[in-house]
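Asks: Sequence:
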Amino acid sequence: MTLAPETTDLKVQLQLDAREGTWFTVCDLSRLLPGRGVAALLPDGSQAALFRDRSGTLYAIDNRDPFSGAGVLSRGLTGTHQGRPFVASPLLKQRFDLASGQCLDDESVRVTTYPVRTAVGTDLVDSAVGA
678 MTLAPETTDL KVQLQLDARE GTWFTVCDLS RLLPGRGVAA LLPDGSQAAL
728 FRDRSGTLYA IDNRDPFSGA GVLSRGLTGT HQGRPFVASP LLKQRFDLAS
778 GQCLDDESVR VTTYPVRTAV GTDLVDSAVG A
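According to the working numbering, the sequence shown is numbered sequentially starting from 678.
Pairwise CB distance ranges (calculated):
(1) 760 - 789: 19 to 25 Å
(2) 797 - 769: 36 to 42 Å
(3) 687 - 744: 30 to 36 Å
(4) 697 - 756: 31 to 37 Å
(5) 769 - 704: 24 to 30 Å
(6) 697 - 731: 30 to 36 Å
(7) 754 - 785: 21 to 27 Å
FYI, nobody ran anything at the bench for these hints, they're computed from the structure. The structure presented is a predicted model; accordingly, all values stated were derived computationally and were not measured. Note that beta-carbon positions come from the ideal geometry of N, C-alpha and C, so glycine has one too.
Produce the entire structure from the sequences given, and follow the hints as far as they go.
Replies: Structure, rendered in structure tokens:
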């Protein structure tokens with residue numbers, strides 16, 4: 678038996694430039710499974726890694742691992758450390774805080790984070806963390 682993914686009108690949006698205040702629609706909320714990442718191609722050709730934790734909170738960070746240069750953070754393992762949600766790079770295993778982008782293993786390194794929200798059409802449903 679094949680199960681089709683649940684479809685929804687809820688869209689995940691990222692704010693790419695806070696000064697402009699515009700939001701970029703990335704995907705349906707149903708595409709984000711708790712504990713798993715998804716890579717999204719952004720208009721400028723870069724990539725964002727989107728995550729949904731088990732409580733439903735959404736996070737978006739740069740998908741590029743600053744230690745290796747590879748676009749792999751969306752494939753990393755998620756977890757928490759001292760109450761802070763993180764993703765561990767699948768290559769070199771450095772952990773990045775999903776809310777702040779701070780590397781938990783090297784304080785001098787940080788990845789970009791993006792504000793995330795869900796919306797139905799142009800109507801805001803929920804504003805989430807990021808930035």
